[in-house]
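Asks: One letter stands for each residue in the lines below.
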Amino acid sequence: NAGVTQTPKFQVLKTGQSMTLQCAQDMNHEYMSWYRQDPGMGLRLIHYSVGAGITDQGEVPNGYNVSRSTTEDFPLRLLSAAPSQTSVYFCASSYSQGWNYEQYFGPGTRLTVT
Amino acid sequence: GDSVTQMEGPVTLSEEAFLTINCTYTATGYPSLFWYVQYPGEGLQLLLKATKADDKGSNKGFEATYRKETTSFHLEKGSVQVSDSAVYFCALKEDTGNQFYFGTGTSLTVIP
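Residue numbers (this note's numbering), protein chains in the order written: chain A, 8 to 121; chain Y, 89 to 200.
Bound-form chain Y, shown alone (with noise of 0.2 Å):
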C-alpha cells in the first residue's frame, strides 16, 4: 500500500543554517504531496504541497520538488529561524480515494 517515509530527528541547527528533511513515498498512481508543520501545542498547519511530478510547492521560504523519477519529496530551506523550530511532518493523498499516508514527522530545533 501507500507509505511515507522520513528521516528520522530530531534535527537541531544553528540559525541561518541551510535544512534539509527528507522524504520518499510509495504510491501506486499519482498521489498529491504535502508537508505539515506542527507548532508546539498546536494542530497541524499546511506547509505546501505539490500536485504533479516537477511541480514545486513553497511557503515561507521553505521548498519542496515532487520527483517522480526518485520518489521523493524533500523539504528545503535556505536560512532556518528560531520561529522555525516545530515538527515537520511529509504526506501524500492517493490520486484515487480520500486517505491521506503521513510520515513519523521530523523535530526541528533552531538555536540562536
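The following block holds chain A by itself, in its conformation from the complex (with noise of 0.2 Å):
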C-alpha cells in the first residue's frame, strides 16, 4: 500500500493564480480531511469528508473548495492565492467507524504564494 499521496511536494504561486492539491489514499478509508500547518498554530482543519460526494467545512475553510467523487480521492482547489495561504498543507485519512482509528498523513505539499 501507498497509504496517502500528495502532490505536488512544493509550489509557488502568484497572488491570484489557482490551483489544485491532489490527495489520494489507497486504504479504502472513508474519512478524508485537509490541514494546514502554520508556525505556532498546529494544525488546522480546512476541510473534511466521511464519503464519496459528502464534504463538509472545518476551522478555516474560506479560500478552498473541495469534492469528493470517489473514495480514493480527495483534492483542495484554492480558487484565488493569496500571501495567507502560504503553508504546509497535509492530506489525512482514516476510517470513520470507531473512534479509535487513527489518522494517516500524506508527506505534505509545501506553498508559497507571492
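Hints in this document: simulated from the structure, not taken from any laboratory.
The C-beta atom is built at its ideal place from N, Cα and C for all residues, glycine as well.
One or more of the hints may lead you astray.
Some chain A residues well away from chain Y (every beta-carbon gap over 12 Å; in silico) [unchecked claim]:
| # | residue |
| --- | --- |
| 1 | G60 |
| 2 | E79 |
| 3 | D80 |
| 4 | L85 |
| 5 | P90 |
According to the in silico footprint, chain Y covers these stretches of chain A (three or more CB under 8 Å from chain Y) [stated by the list, open to error]:
| # | segment |
| --- | --- |
| 6 | 42 to 53 |
| 7 | 112 to 119 |
Dock chain one against chain two, each of which comes alone in its own frame, and use the hints as you go.
Replies: Have a look at this one:
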C-alpha cells in the first residue's frame, strides 16, 4: 500500500492564481481531511469528507474548495491564491467507523504564494 | 467544543535526559487520545494511542497514560536520543463523529 499520497511536494504561486492540491489514499478509508500547518498554530482543519459525495467545512475553509467524487481522491482547490495561504498542507485519512482509529497523513505540500 | 492544549516549546534536552510533554484535553464524551510525531520535512506519524481511561499507550520507549480524572495524556520518555528530535502533537478523536483535534505541537531538540 502506498498509504496517503500528495502532489506536488512544493509549489510557488502568484497572488490570484488558482491550483489544485492532489490527495489520494489506497486504504479504502471513508474519512479524509485537509489541514494547514502554520508556525505556532499547529494543524488547522480546512475541509473534511466522510465519504464519496459528502464534504463539510472545518475551522478555516475560506478560500478553499473540495470535492469527493471517489473514495480514493480528495483534491483541494485554491480559487484565487493569497499570501495568507502560504503554508504546509497535509491530507489525512482514517476509517470513520469507530472512535479509536488513527489518521494517516500524507507527506505534505509546501505552498508559497508571492 | 473539544480541544487539546499542550505545553509550548521549544524544548531542548541533553541526550539521556528524561522527557515530559504535557497534554490536557477538553471533551464532552469519551475520546480516544493520540500522540503524533513529525520529523523534519515529513508528515505526521502516529507514535502511540489510548482509547479508554487508564490505558497506557507505548512505542519506541515513549509512554502516555489516559487520565480521565485530570483530563491529561502526558508524553514521557526515560532517556531521549538525538534521533527523537522532532515536533510532537497531542490529538483527540471524539467518540461520536469523525473529527480530530490537534494541539499546537511541541518542538523537541536533543543535543549530544
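Asks: Against each hint, give a clear statement of whether it holds in the structure.
Replies: Hints, verified against the model:
The Cβ of A:G60 sits about 15 Å from the closest Cβ of chain Y, beyond the 12 Å cut-off, so the non-interface label holds. With 12 Å as the threshold on Cβ separation, the claim that A:E79 sits away from chain Y holds: the shortest Cβ distance comes to roughly 18 Å. No beta-carbon of chain Y comes within 12 Å of the beta-carbon of A:D80; the shortest separation is about 18 Å. The Cβ of A:L85 sits about 20 Å from the closest Cβ of chain Y, beyond the 12 Å cut-off, so the non-interface label holds.
The Cβ of A:P90 sits about 22 Å from the closest Cβ of chain Y, beyond the 12 Å cut-off, so the non-interface label holds. Counting residues of the segment 42 to 53 of chain A whose beta-carbon sits less than 8 Å from any beta-carbon of chain Y gives 6, enough to reach three: the coverage restraint holds. Proximity of the segment 112 to 119 of chain A to chain Y, defined as three or more residues with a beta carbon under 8 Å from a beta carbon of that chain, is established by the 4 residues found.
Violated hints are absent here; each numbered hint is respected by the structure.
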